[in-house]
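Participant: Just so you know, the protein sequences line up as chains A and B, in that order. Per the numbering used here, the first sequence runs over residues -1 to 327. Per the numbering used here, the second sequence runs over residues 244 to 640.
Be aware that one or more of the hints could be misleading.
[What the hints assert, rightly or not] Rough simulated footprint, nothing fancy, chain B against chain A, three-plus residues with beta-carbon under 8 Å:
#1 126 to 135
#2 257 to 263
#3 308 to 314
[Stated by the list, open to error] According to the in silico footprint, chain A covers these stretches of chain B (three or more CB under 8 Å from chain A):
#4 381 to 391
#5 491 to 498
By construction, these hints were calculated from the structure, which means they are not laboratory data. The beta carbon of each residue, even a glycine, is placed where N, CA and C say it ideally should be.
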Amino acid sequence: MDFTLSYLLEQTINGITLGGLYALVALGYTMVYGILLMINFAHSELFMAGGYVGLGVLKLLSDPALAKGGMSFLKPIQSFFNSGTVGFVALIAATFLLSGIVVGFMGVLIERFAYRPLRHAPRLAPLISAIGVSIFLQNAALLWISSKQLPYSRADGTSFVPAKTAFTVSGVNVSTMQILIIVTSLLLLVFLDTFVAKTRIGRAMRATSQDRDAAGLMGVDINRVIALAFFIGPALGAVAGVFNGMYYGSVKYNMGFIPGIKSFTAAVIGGIGNLRGAMLGGFLLGVVESLASGFLSNAYRDVIAFIVLVLVLIFRPGGLLGEAVAEKV
Amino acid sequence: MPTADSAALAVKGIGKVPPKKLALYVAVALLLVMVPTALQAASGLGFLVRILVVVGIWVLLALGLNIVVGYAGLLDLGYIAFYAMGGYVGVLIGQTVSGRLGGGTYWAMLIPAALAGALTGLALGFPVLRLRGDYLAIVTLGFGEIVRICLNNDLLGLSNGATGLPRGVETITPPWPSMWLQDNVRFPTPIGEFVFGPNLFWYFVVLLLIIGTIVVIRRLDDSRLGRAWVAMRENEVAAAACGVNIRTQKLWAFSLGAMSGGIAGVTFAYVQQFISPESFTFMESVFVVCIVVLGGMGSIPGVIVGALLIRGIPDLIQGLMVAGVIRLSGDVTSMITGYRFLVFGLLMVIMMAVRPQGIIPSKRRALELRPDDARVLAEEDQQLWDTEHRDASPDDV
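Here chain A stands alone, though its shape is the one from the complex (with noise of 0.2 Å):
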């Protein structure tokens, strides 16, 4: 393989892009790690549930051979989709909103009954339980939906985003989808952190970090931040799933595993609980699997992202950005 440097440049956006994806699930699990110190196995399956939902979503609002009999009411909102630039970027956001708000919920749903009773419960109970809603909502999808891979796109065949090239830079094409997803993720990412540091609820989520006890004593409803977190993250988690489809033009029912191991991974070299920590460690996984993946060894690129994650954790245990663990006596 030559090494060129347009060739470099191609992988890093297309590392930065990963990344962005990594980031948004990262954020899922980091938030629900810092207030509740557990790992949600499921949040992988949420960001499947993403791509599925935003698939449903897109087809209902988009595809005439659905508009027919009792659906037929949806006949003059797809009209209204289907028309023009306006109506593109009204589908485009409708199914984003959309999903992650389904997601969010069911995220909320999942925290209710599998989590919340386990509260106070062996610090592995929720795990497993989290494993136990995954394998649930994994073969959910396999059994209730489609056991094959589903394609992205429209009736006709053509994907919902078309694949366009944006711009170009010396030589490499960036396209619109990648534009996007980084733009995207960025916001998001840039909201979430100014929704913690500045709001009301963002500080009773802080709070509830840092000691629960306390925070409830101090008139913090424990319940409503922790649901909170379980509608942000799964939301942010559905995002990235939509993207995902639209970025690899399909969806399958066990698409959640890697990216979600992947992003924990992220998650951890970022130092977990942390939200900037976690976009870091996306962005971060994401150029460096990408490259690792052009320039040494396709089939290896876990074996890399894995190595960077013990090489960080031996030099700095609490992550890239997490502060360094007081021993408590």
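Mind docking chain B on chain A? Use the hints.
Facilitator: Just chain B, lined up with the frame of chain A:
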């Protein structure tokens, strides 16, 4: 004569066991021997013995992980790597020496497989010594995946990639003289036909391995090492302050736990006569963790029950349907096959909500201090109140 002395001691030892307990032990031992033998003899039920063999291998795995998770309190999500190392090393070395050792290869390979497991455990242990809690979990997860990917990509040209071992026309030498036990051997006896076959053979091998492992673990539990693990699990800093060498204890836990995994791995390879990276995915690691937690961390009976439920029941349902013991229409069969994992996931959630401490919790762990436990907190508050008010004279109140 030392042997006579020890025999006399053993007899004395049996005499010391309360008669009720002794009767229980004898009954369990009889059941463990009789039930599979009867199943093997009954026509069409031999597959149940096969399931018991698979479950037994998982009991070995879970017993090993129990040392790491249950005793030492270190969450390992890549435990399957040790299983894989044991299996691959056992098969690779076994194939080179099988010409000389013949049917004895399997027995000889238990040692390199156990060593391979233990050394892999140490290799994982060293870099992660400083990590704790969930950082450890994610690194072990990564380690498990690294091992699997390397095997899958045929890193050193030894593992034969995704196809697995043995390659092509090669075979794994079974632990019996060739042709003798390839099929069931029948012996007529006064009470009925006694059928001995590969499944029953492996059943007794696995049973012996499990008993051996349990004896070792129970002795460890009562040893200095076992107490050090408990201390470390409860509070690392306090244990270190009391003179427990955390590094050494963690490495012991990792390597001893991994050793059991290695033994399970080589046994699995020889039972299956085949080994491939497919058997060593992250989900398998998750299943072992589930067995330990669902059964009851640190509890040997719990781990055994956990393995029976998690590995045994799905296979049992499948096996009974395949064998035609349960006759159902095609639709129902495919529904059960499809839904068994969905229901399994749901049951895990329900189990944790109902019994988070596991099916058979460890007695020792139940005595642990848990800061989240409301009762413990209330007691502490009361003590604090008492201490604060003890010194105050009655006049002040």
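Participant: For this structure, which hints from the list above don't hold up?
Facilitator: Hint 5 contradicted; others consistent.
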